[in-house]
Amino acid sequence: MYRISSQCAKARGKHSEPFGGINFIFAGDFAQLPPAMNAPPLYSGSVGTQIESSQTVRNQEAAVGKALWHQVTTVVILRQNMRQDKQLPEDNILRTALENMRYKSCPNDPKLAQKAFRNISIITVFNAQKDRINQLGCERFANENNQTLTSFYSIDRWKDPEESKKCKGLNHPKRQIIDPVCKTNVFASQLQKTLWEQPHASSNKHVPGKLTLCVGMPV
1 MYRISSQCAK
11 ARGKHSEPFG
21 GINFIFAGDF
31 AQLPPAMNAP
41 PLYSGSVGTQ
51 IESSQTVRNQ
61 EAAVGKALWH
71 QVTTVVILRQ
81 NMRQDKQLPE
91 DNILRTALEN
101 MRYKSCPNDP
111 KLAQKAFRNI
121 SIITVFNAQK
131 DRINQLGCER
141 FANENNQTLT
151 SFYSIDRWKD
161 PEESKKCKGL
171 NHPKRQIIDP
181 VCKTNVFASQ
191 LQKTLWEQPH
201 ASSNKHVPGK
211 LTLCVGMPV
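First residue of the sequence shown: 1, per the UniProt record's numbering; consecutive thereafter.
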């Protein structure tokens, strides 16, 4: 906000007026997802509106920007959805669903307990939630269809540094590294079982150590 006002003031040569005396209209969709990493949506609560000599230049600019934003006093809320403005029955249903999601409204129709929504995809915020939903969904699907769940397990090995060098084309002869503790690249039984029980989201590539499926299960 400070940068916008500063550049406008330079362009018009009016440094004593906010935004150089230019009227601004700020637009945004407040129904979007919140900022990542729990960041503040507009300004941090630690940013004040008073400038002190002990503040850094960045903090002073942030304080000026917050003070400029507080001068915005007229707010117009647009509630009509113009993107889906057709009058077909399907369009009306879609528009109503979008408005309900926007305002976190949960009407009685349609109900998520209906059979049509039994196996639909669910968008979650965290991968841990996704893993738990998938686990419960697998068990429910198997019970409803009289199927037996079968688990497929990964085969994990310790990384061999010599193999990595060969893949990269580094065949320079070097002193062989011997690990006095690890005599084999095979995981210990207890460690392997622990890895299999970890949720899928615990892997940096979201590769499951154990995948449980049954016949006919949607994937």
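Honestly, the hints are just simulated from the structure, not real lab data. Some hints could be false.
Label-pair distances were calculated between CB atoms; the ranges are [claimed, not checked]:
1. 16 - 92: 13 to 23 Å
2. 93 - 55: 18 to 28 Å
3. 24 - 145: 52 to 62 Å
4. 157 - 93: 44 to 54 Å
5. 74 - 139: 17 to 27 Å
6. 139 - 187: 19 to 29 Å
7. 73 - 101: 25 to 35 Å
8. 192 - 78: 29 to 39 Å
9. 78 - 16: 55 to 65 Å
Note that beta-carbon positions come from the ideal geometry of N, C-alpha and C, so glycine has one too.
Exercise for the section: Give me the numbers of the hints this structure contradicts, sorted from smallest to largest. Expected result: 1, 2, 5, 8, 9
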